[in-house]
Amino acid sequence: MTMSRWLIVLIIGVPWLGAVVLRLVDDRRARLQHFLAAAFACITGAVSVALLFSSSGEAALSLPLGEVFGTFTFVPDAFGVSLSAIAAVIGCLAVIFSVDYMQGEAQLGRYYSFILLFIGAMAGLVLSGNLLLLFFFWEITALCSYVLISFYNDDPNAVKGGLQALIVTQLGGVGLLAGALIIQANLGTYQISTFLAEAHTLPAGVLSLAAFGCLFAAAAKSAQAPFHYWLPGAMEAPTPVTALIHAATMVNAGVYLLARFYPAFEAVPGWKTAVVTVGSVTALIAGIMAITAVDLKRVLAYSTVSQLGYMVYAIGVGGVFASQFHLFSHAIFKALLFLAAGTVIHSVGTRDMRQMGGLGRSMPYARAVFIVGSLALTGIPIFNGFWSKELVLESGAAVGPSWAYIIMLLGAGLTAIYTIRMVWMVFYKPAASEEHYHDAAPYMRVSLGVLAAGVVVGWLLVGPLGRMMERTLPYHHLHGLTLPELFAEAFRGAPLTLAIVFAGFVLYLALRRFAALWDRFDWLARFADMDFGFSWISDRFAGAVQGIAEGARVTQTGQLNWNIFGLVLGLIVILAVLIVGAA
Amino acid sequence: MSLSPVTVIWVGVFCLFGIGLYGLLAVRNLIKVIVALQILVKMAMLALVAASYSVDKLALGQSLAVMVMVADTIVAVIGLALAVQVQQRLGTLDIVELSRLRK
Amino acid sequence: MLYVVLILGLVICAIFAVRAKQMLTAVLWLIGTSAVLSVLFYIMGACRLAVIELSVGAGLIAVLFVFAISIASDEPVTLSSLVPRPLAWVFVVLAVGFTAWRVLPTGGSMVPVNGCVESTVLWHERSLDTLIQVFLIFAGVIGMLGLLSGSRKRPPVGLEAEGDEL
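First to last, the sequence lines map onto chains E, A and Y. So in this note's numbering, the last one in the first sequence is 583, and the numbering has no gaps at all. So in this note's numbering, the last one in the second sequence is 103, and the numbering has no gaps at all. So in this note's numbering, the last one in the third sequence is 166, and the numbering has no gaps at all.
Hints were generated in silico from the structure; no laboratory data involved. Certain hints may be false.
Facing chain E, according to a computed beta carbon distance under 8 Å, are these residues of chain A, among others [what the hints assert, rightly or not]:
# : residue
1 : Val-11
2 : Leu-21
3 : Leu-24
4 : Leu-25
5 : Ile-95
6 : Val-96
7 : Ser-99
Subject to a maximum C-alpha distance of 25 Å in a straight line, what follows is the list of computed SDA-like cross-link-like pairs (lysine to any residue) [unchecked claim]:
#  : chain 1 : residue 1 : chain 2 : residue 2
8  : A       : Lys-57    : Y       : Cys-47
9  : E       : Lys-429   : E       : Asp-352
10 : A       : Lys-57    : Y       : Leu-6
11 : E       : Lys-429   : E       : Leu-507
12 : A       : Lys-57    : Y       : Ile-69
13 : Y       : Lys-21    : A       : Val-6
14 : Y       : Lys-21    : E       : Asn-563
For each residue, glycine too, the CB sits at the ideal point set by N, CA and C.
The following block holds chain E by itself, in its conformation from the complex:
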């Protein structure tokens, strides 16, 4: 027990210490910065792997803080240690990748220190056993995401993307806080374990409020419809940041939230249906938007949103294990895809796929790992995406509403279409120019290689993962699968899915021939580019809020006399109220 306590302290403390240290290192000593960042990240990764072996359902670290905040506990259960391992290990790989990717960039201190801060905060988020502590770490991750998205703060697009991300995820955070406060008001505690045990004692209205508040927060954080538009805007971030935050970790926080609180909310009428709806609708529209996008990272962003829709759908139909397994696989292959895309973008200098093509010849390594990732994304057997996606679909086929299942199958087809489109446009299309681009640099290869290996063999961990979940999550009643069971489940639905995937491939190749048919859908493409209008709504809303704020600015004169005047006025009002109240 003490071992896991120290590991938890380290897993949050080491990256945060690194964040402070890297702020103090001068920006002129770039090599030292790279080295320190990589060192701290690797140590954190190692600690998180060690933590995998000491998981338990009991709180390992408790800090009693009196009446107001309750006890801050850290619980190294299966969700916590697996997600923190993902965060730390992929974080480590992303930092190693950054050593080459960010070669020669300015302000590396700020960059690395916020990445390390983020890794520690993410680990804290998933290990937290107290709702308020979870909210605290949630907010820190949102802050880091904002800073890192607008890292190139001379670029107005980057700043706009960062602000949009911040606004949407903070809106979600309000939902989370509201839920936490409601729970505390009714149960008297912020402890998640207590809440899960006693959720059925809450009055129905209160529980629904908490459930939908949670769903609201999760949808905002994980970029589900109608909040999906911030993720494509966040692609202005440096690619390692995208791989870490917007593919593997922060966007998973919403799914984690839903999975964590599933036992408490599954009985709320309408909640599961709402979750299924959100997940499937998102998967569908994100898939459509991915087909028409021309920015490489945008395609991957929409793909992430779509896959998150799969995970949310899985939770909605009750397949919590399937969703977590898909989260695990997706983190690995999506990070791989983003990092490989980063390699391409770094050499070619642009994100526009129309200007790429024929890169397969000059960048064989990048092409190879990219194809590995794409095969996993579309769900081709052997790669981890296949196993996890099949599990998700199987859990839906057994239990969920059939219209949702059909949408998810369609989504698999759409995935195939946009993936092969992406691969073709980047690596196989006849080249736009005759330039020879350099392949992945050494450190990039290390990260890409490790991730590719993970994609190929990572699914073998399904057995231990399932056992760990069964052992440490008393309220979830999960049923983990062993390898033979996994084979049976996956191959049951495989023929149908694979047929759809191949149909998708064939459809795309056919459409390329009949380009005229493609142009017929141009109106859809333009509508999709506008994020189906959601972005417009959010801009109007943000504009309205800003207008109100500017109108109210008149009262903030900034002059001492008026400020004191306001203070005294407030004092008089309070005193008058007190006096009248006492009378």
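Let chain E serve as the given structure and place chains A and Y on it in line with the hints.
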């Protein structure tokens, strides 16, 4: 007079409070603002001692007042240093002018 | 009786401090306030506090003010305030009145004290506070040095710009 000393002291505290507040509300020179702040702090110290006086815990009241005194001295030091800098760089100590200069 | 005289003196000194036209005059009245306050403390039994008040308030703070005023210019303040004066008075009276209404009824019994009261409380019970005070003092000194050293190094902005143009 049958006024107890403590009541007299409390009346004095409130008067000082009023004077200090008036100073903050109606004064335009930065250094006079710091003077008004000092008066308010003296009021606070007096209030502390008077309160402890009436519950017979003078030792506690005294120590707290010493703390307040130290903090207030630091505030005065920094405030005056700032005032000096402001006067030298911006040429004026009028707080209304200063907030206009920012724009 | 003595208390009444002292409080009256205190209030008068404070009023003149705020209403003074010259800054130096204001500081002098502030010193007066400090002195009266220190006597008041001594009578109430807080001897140490009285001594500290006298030396710091009437000594250190006064010297600081005079130093600052001598560096900054000593123009008389004649501008009228933004907040109209009558309004300020009304608000002050209201605020003070309401506060007094809440506090005075509970104000208090009197416990007669003879001589001084020992205060070992400072070190034993409130050691953390005292350490923080030490830290504050250091911070204040460093801050002041930082602020004032800046004025010695660089000449005023106007002169520098002219030099460049020539």
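Right, here's what the structure says about each hint:
1. Val-11: violated (18 Å)
2. Leu-21: holds (6 Å)
3. Leu-24: holds (4 Å)
4. Leu-25: holds (5 Å)
5. Ile-95: holds (5 Å)
6. Val-96: holds (6 Å)
7. Ser-99: Because about 5 Å separates Ser-99(A) from the closest Cβ in chain E, which is inside the 8 Å limit, the hint holds.
8. Lys-57(A) / Cys-47(Y): Since the Cα atoms of Lys-57(A) and Cys-47(Y) sit roughly 14 Å apart, the hinted pair holds (cutoff 25 Å).
9. Lys-429(E) / Asp-352(E): Distance ~13 Å between Lys-429(E) and Asp-352(E) Cα, so the pair holds.
10. Lys-57(A) / Leu-6(Y): Holds - the C-alpha atoms of Leu-6(Y) and Lys-57(A) are around 23 Å apart, at most 25 Å.
11. Lys-429(E) / Leu-507(E): holds (17 Å)
12. Lys-57(A) / Ile-69(Y): Roughly 40 Å between the alpha carbons, so the hint for Lys-57(A) and Ile-69(Y) is violated.
13. Lys-21(Y) / Val-6(A): The given pair, whose Cα atoms are some 33 Å apart, is violated under the 25 Å limit.
14. Lys-21(Y) / Asn-563(E): Given that 25 Å is the threshold and the Cα spacing comes to 23 Å, the pair holds.
When each numbered hint is compared with the structure, violations occur for hints 1, 12, 13.
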